[in-house]
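Use the sequences and the hints to build the structure in full.
Order-wise, the sequence lines are chains A and B. With the first letter of the first sequence counted as 1, position 331 gets the number 1401 in the working numbering; the numbers rise by one all the way through. With the first letter of the second sequence counted as 1, position 237 gets the number 239 in the working numbering; the numbers rise by one all the way through.
Heads up, some of the hints might be wrong.
Pair ranges (Cβ atoms, derived) [unchecked claim]:
#1 A/F1114 x B/K72: 33 to 39 Å
#2 B/V19 x A/K1352: 18 to 24 Å
#3 B/E39 x A/L1263: 38 to 44 Å
#4 A/A1144 x B/K118: 56 to 62 Å
#5 B/V19 x A/L1323: 30 to 36 Å
Calculated directly from the structure, the hints in this document are not laboratory data. Treat the numbers as computed from the prediction; the structure is a model and nothing was measured. For glycine and all other residues, C-beta sits at the position ideal for the given N, C-alpha and C.
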Amino acid sequence: MSALSDPLSGSGLSRGDAVPVPLPRGRRNAELAMLAFAVAIMLFAFVNVGYGLNGHIPSGLALYVAGFAVLMAAAHIAVRWLAPYADPLLLPLAAMLNGLGIAMIYRLQESGRGSNPGIQIGTLTSHAALTQLMYTAVGVAGFVGVLAVVREPRVLSRYTYTLGTIGLVLLAIPAILPGSLSSVNGAKTWIILGGFSVEPGEFAKILLAIFFAGYLVSKRDVLSLAGKRFIGIDLPRARDMGPVLVVWAASLLVLIFESDIGTSALFFGLFLAMLYIATQRKSWLIIGILLFLLGADIAANLFHHVGDRFTLWFHPFANGNQYGQLAQGLEGMAFGGILGTGLGQGEPFRTALVQSDFIMTGFGEELGLTGLMAILLIFGLIVQRGLRASLAVRDPFAKLLAGGLAFSLAIQIFVIVGGVSQLIPLTGITTPFLSQGGSSLVANWAVIALLMRVSDQARKPAPQPIQDEGMTQVVRAA
Amino acid sequence: MNRAIGRLSIVCLVMFVILLGWVNYLQVFRVNSLAGEPGNIRILDQALKNQRGEIIANGGGPQKVIAESKLTTGGIYERYYPDPYTFAPVTGYDSIFGNTGIELSENKYLNGSAAKLAIYNFKGLFTGHSKQGSSVYLTIDPRVQEAAYQAMVSMGQTDGGKPAAAVAIDPSTGAILALVSYPTFNPNLLAPISSAVVAKNDNALLNDRSQPLLNRAINDTYPPGSTFKIVTSSTAFGTGTVANQTSTIPAPQFYRLPGSTHVLTNDGNSVCGDGHPQIILAFTESCNTAFGKLGARLGGAALRSYANLYDFNNPNLTIPMPVSPSMYPKVSDPAETAISAIGQFSDTVTPLEEAMMAATVANHGVLMRPYLVQQIRAPDQEVVQSTAPAEIRRVTSSTVAADITKMMISVTHNPAGTAYGTASPAVANGIDIAGKTGTAQNGPNNTGLDDAVFTCFAPATNPQIAVGVIVQGGGFGADAAAPIAVKMIEAFEGQH
Chain A
1071 MSALSDPLSG
1081 SGLSRGDAVP
1091 VPLPRGRRNA
1101 ELAMLAFAVA
1111 IMLFAFVNVG
1121 YGLNGHIPSG
1131 LALYVAGFAV
1141 LMAAAHIAVR
1151 WLAPYADPLL
1161 LPLAAMLNGL
1171 GIAMIYRLQE
1181 SGRGSNPGIQ
1191 IGTLTSHAAL
1201 TQLMYTAVGV
1211 AGFVGVLAVV
1221 REPRVLSRYT
1231 YTLGTIGLVL
1241 LAIPAILPGS
1251 LSSVNGAKTW
1261 IILGGFSVEP
1271 GEFAKILLAI
1281 FFAGYLVSKR
1291 DVLSLAGKRF
1301 IGIDLPRARD
1311 MGPVLVVWAA
1321 SLLVLIFESD
1331 IGTSALFFGL
1341 FLAMLYIATQ
1351 RKSWLIIGIL
1361 LFLLGADIAA
1371 NLFHHVGDRF
1381 TLWFHPFANG
1391 NQYGQLAQGL
1401 EGMAFGGILG
1411 TGLGQGEPFR
1421 TALVQSDFIM
1431 TGFGEELGLT
1441 GLMAILLIFG
1451 LIVQRGLRAS
1461 LAVRDPFAKL
1471 LAGGLAFSLA
1481 IQIFVIVGGV
1491 SQLIPLTGIT
1501 TPFLSQGGSS
1511 LVANWAVIAL
1521 LMRVSDQARK
1531 PAPQPIQDEG
1541 MTQVVRAA
Chain B
3 MNRAIGRLSI
13 VCLVMFVILL
23 GWVNYLQVFR
33 VNSLAGEPGN
43 IRILDQALKN
53 QRGEIIANGG
63 GPQKVIAESK
73 LTTGGIYERY
83 YPDPYTFAPV
93 TGYDSIFGNT
103 GIELSENKYL
113 NGSAAKLAIY
123 NFKGLFTGHS
133 KQGSSVYLTI
143 DPRVQEAAYQ
153 AMVSMGQTDG
163 GKPAAAVAID
173 PSTGAILALV
183 SYPTFNPNLL
193 APISSAVVAK
203 NDNALLNDRS
213 QPLLNRAIND
223 TYPPGSTFKI
233 VTSSTAFGTG
243 TVANQTSTIP
253 APQFYRLPGS
263 THVLTNDGNS
273 VCGDGHPQII
283 LAFTESCNTA
293 FGKLGARLGG
303 AALRSYANLY
313 DFNNPNLTIP
323 MPVSPSMYPK
333 VSDPAETAIS
343 AIGQFSDTVT
353 PLEEAMMAAT
363 VANHGVLMRP
373 YLVQQIRAPD
383 QEVVQSTAPA
393 EIRRVTSSTV
403 AADITKMMIS
413 VTHNPAGTAY
423 GTASPAVANG
433 IDIAGKTGTA
443 QNGPNNTGLD
453 DAVFTCFAPA
463 TNPQIAVGVI
473 VQGGGFGADA
483 AAPIAVKMIE
493 AFEGQH
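As structure tokens, this is what we get:
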């Protein structure tokens, strides 16, 4: 899984920012075959849900599976056209997760409806899966749009500060808005307009990653300068600390005003990782982690909701908590055991918000340890393909962007899966591609588009100089 | 920059490895501890979806299912007790709040979670059957159980429902043929899935002043009264103080207790023979003065050691439900010893102990371990476990047991015997019963209604059933308790 063992990037490691080894082919047919497999898995999941719930094939099966297949085919055609050399794994991996997510949301939506066993989930409408399919359509449209607009990663670096400002504003809006317009299930991370709600943080993550990449590419030389040396670590100069402190303060503000330690950790982790890639200075990592722990500790002591998360972490089954979502999620996962109950045959509806934050416990219960590990490995592969694109691409901006996005995905998985499984204190963030909700889905499709754009850039064969024309050379201007 | 990306890749790898390891830990190694968390709804729901094993009374006569699980709507099983009141002291109940009786002590077999059933459950994984519990076959003879309960019910209709309990044992094996408590409860009231219904019914039963949930047969104790004279006689013969059943013992009309002003009399201040009767006559007429004086001569220590042989003072007896200990206290004062020798003072017994006393005599002096569970059978009828009869200990020699048997036969056969009118062959359809009555004084200064006690076995010459009956406040032992025992024995012999 590590890029270190990757034959493509292995040579690149020793040579620093070295020349990638382009593949001769885009392997688009392999992508198509894997995509068909992902759609087949979704089909099986739907059939499984139907048989598990009431012994019949779901009536909407054709609509869901055909609709999803058409969307994925569209994405595939767009890739053939817009990014023919992009990594062939990313799209099928994302499709697999997206399809499983729709199947699980369908399973949860059907719980207790009609003559189906289980209890109806109050926070889930009777057309949640269809809505999720429509969000998938928007996500795929966004995916194609990003590939079409961003023909070269570097194009984005022109808008570094514009996108960064938009990102910060998006992040800040829910904190400023009154609770009635920004709070869903206790998380103040939304913008609610009429019947429509958006979680701007999901998009802010991408915009800020672009901003960090642009900023760090221009400032990396300055930031790499060493100041004093302390216990074997080169400390940065005090005057260079400014940007780090600004991002730290911003992440703390998110934590405080939006009650959202998960998003806060995600942003700060994203920034630190990109700072580290840009400067290769461990001192930045150490300073950053210490700053974050300090901030989290202060917040835990000052704000009850943060402290409560720790109490819950230590005592998920204490009196009063035993029917809470963390306890129910854990009991559900244990109930599923190694092989799971089978889709439609467990009781994931016992866990509050199992369709969003706790969806991994639902998979753990019904698909078991086996299914959960498969899903974790799919996430791991996406991260690995992202890091591999980052290693392989030559352009520093694209390198930083892909590295940052891939790493932030890894942090996000760690924070949410670790949180719902009692490994770390629980923080409410979405599970990419699986959780119900449009913002997360659309934003993550955009992330996949960016990673594929970077990998396309990395794998694109260099234009061949035409030797016969003597001194004439193809010069890349961009 | 690639060097840093490489290191971050390792960080990502570590995070994913930690997650994978952690979910393995959760879903493999913590499965049991999480399943055992109090109030784990999934586990409770699953239990409702599995068919719980049956409880079957298989100790004689036609086999009878006394607890079964019936499929209701939504694939959920609900416990059902076909003859709830009669068998409640045996089955106990199976509710969402907890279990009692056999439903509790054999729970792991009934719900199929016992380790020995793993192989059957494993087969079920492939045949697609849901987990099914195994059936518990009991030594209960439904005819004897029903006869005892019916006798108590009809008695209750005339006397207003005096608490009573009866136990019947196969003396040669210890198999419990009947275990009845009255008044009792309907376990079907506690079987529903609705916690509100169960809580309401449970509350009503707990607040019922007649204590229907109390299993009087094994978990309540009463003064044994004159039935304790079996222990006193065993001590007298066993220690050689009295040679045999024809030996004479002093039996004054009035016996002033040593060091006390209290005077012990016989029932109705009557004389006992000529004042020096054979012990068999004193036993037959249940003379208190004879056995009180004998007890004082034997001493508290000797009586206690024989009581212990009869399994008094044993807090660890299980059948498999735990049995409250019958008590014979340490006594040294001669007056107290004399009273304790006739089953008064602080002596207490369970109805089960009453049956065990008769069973010991019937089994030639050897006390067998009483047990309820005969066999446990997996859903495919294969026997998973069966109980082999086990000896607790030899209590008396067979000679002593034979002497006591003769005395107990005399109680029902001699026209002067205390149970001649209620348990003689003429009354009991020609069945030879050997018995001993007890009328235990009760309450402060013995002002309460006497408890009626009867312990017996039949047929006297070839004992197959030993019975202990106690009727709280039943008055004279022979009148209230003996008829219940006779009905049980008649049912056992196939007569009604």
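Okay, the hints, checked on the actual structure:
Checked against the hint of 33 to 39 Å, the pair A/F1114 and B/K72 passes, with Cβ atoms roughly 36 Å apart. Between B/V19 and A/K1352 the beta carbons are some 22 Å apart, a value that agrees with the proposed interval 18 to 24 Å. A hinted range of 38 to 44 Å holds for the C-beta pair B/E39 and A/L1263, which are about 42 Å apart. Between A/A1144 and B/K118 the Cβ separation comes to about 58 Å, which falls inside the hinted range of 56 to 62 Å.
The hinted range of 30 to 36 Å is satisfied by B/V19 and A/L1323, whose Cβ atoms lie roughly 33 Å apart.
Violated hints: none; the structure is consistent with every hint.
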